[in-house]
Amino acid sequence: MRILAAGPGDWAPSVDDFFLPPFIKGLYPWATKFTLLVWIAVALVIVFFLLAYRNPKMVPSRSQWLAESIYGFTRENIAKEMIGAEGVRFAPYLTSLLCFLLLMNLFGLIPGIQLSPNSHIAFPIVLAIVSYVMFIYVGVRRHGFLSYFKHALIPPAPWFVLPILIPIEFFSTFIVRPFTLALRLFANLFAGHIILLVFTLGGFALLGAQTVLFRPLSLVSWAMAIALYFLEVLVALLQAYVFVVLTSSYIQGAMAEEH
Amino acid sequence: MTVLAEVSGSVSAIGYGLAAIGPGIGVGLIFAAYIQSTARQPESSRLTIPYLWIGFAVVEALALLGIAFGFVFT
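Protein sequences, first through last, are from chains A and B. So this note's numbering is basically just the index in the first sequence, starting at one, shifted up by 1394. So this note's numbering is basically just the index in the second sequence, starting at one, shifted up by 36.
Since the hints were made in silico from the structure, they are not lab data. Source: prediction; values computed, not measured. It is possible that some hints are incorrect.
[As the list claims (entries may be wrong)] Distance windows between CB atoms, simulated:
id: 1; chain 1: A; residue 1: Pro1561; chain 2: B; residue 2: Ala41; range: 21 to 29 Å
id: 2; chain 1: A; residue 1: Asp1411; chain 2: B; residue 2: Val39; range: 28 to 36 Å
id: 3; chain 1: A; residue 1: Pro1454; chain 2: B; residue 2: Ala68; range: 37 to 45 Å
[Said to hold, decoys possible] 20 Å max Cα-Cα, derived SDA-like pairs, lysine to any residue:
id: 4; chain 1: A; residue 1: Lys1474; chain 2: B; residue 2: Glu79
id: 5; chain 1: A; residue 1: Lys1544; chain 2: A; residue 2: Val1534
id: 6; chain 1: A; residue 1: Lys1474; chain 2: B; residue 2: Leu54
id: 7; chain 1: A; residue 1: Lys1474; chain 2: B; residue 2: Ser80
id: 8; chain 1: A; residue 1: Lys1474; chain 2: B; residue 2: Thr84
id: 9; chain 1: A; residue 1: Lys1474; chain 2: B; residue 2: Leu101
Beta carbons are placed, not taken as given, at the ideal position from N, Cα and C, and that holds for glycine.
Using the sequences and the hints, build the whole thing.
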């Protein structure tokens, strides 16, 4: 029996590619590439904004201009547009969230690092819990404890549909929202990393194929990897933006007077 | 006997392909609606962009649930 093409061979990427050994022996979950990258991202965001605003001038320096544009974008285009005039209060948090997510996502694409901490669900879960607690807290502060849940769970509808609507509202607001917020970010970066691995490693697998005719196809595979790399850049920027926009939209929903 | 291709692995890849049809159509509809609304009323393009991304993200979540559950239910 002759087999012309077999797969998946030992080249195929798997979930194990996301569990890296620690760089200090014995410190397994605490000193891996992921934790190091998170510390770097936090430090970069803090140091960048501190340095850029340490000595603000009327004619801004280059870093001050960059920091002001990022903050201005979040304040005008996300906070004010999604939440309204009150959104300015949330602009500092939204800006640091956006910068942190951008850095974390772009770590997945910078050559030499090529792995985003957000491709482990633990990190998106923490960020989603922060947004979840925040929008509930804001709603409770605005409406009071009982009337916030009444406002969030009971839509203005005839009484006989309420037994169906209340569970749906509860499920969509208090369960699906944090779950999808974390899962969306995680799955995008996880899938992005796997896709790049499939096409890069697949190119090597084709190069080593037994059938000589298949070997030039490795070039096609690598060209696909390069094209998808640019798609992943778009996804990294978009997912950071979407996370922030959804967080502000949930806050807006919690503060709104009407349903 | 010559076997042209021998593939072993998880069938969930096929399931994920099927699961991606729905969100694919949904995301297409969302961008179609955005393009149409912008063509009809160009000055509304900035106003509708947040809703475009929210709608895109919510629909796309279905496809991403497919990826996650493909790895969960093995």
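Index of numbered hints that the structure contradicts, given in increasing order
1, 6, 9
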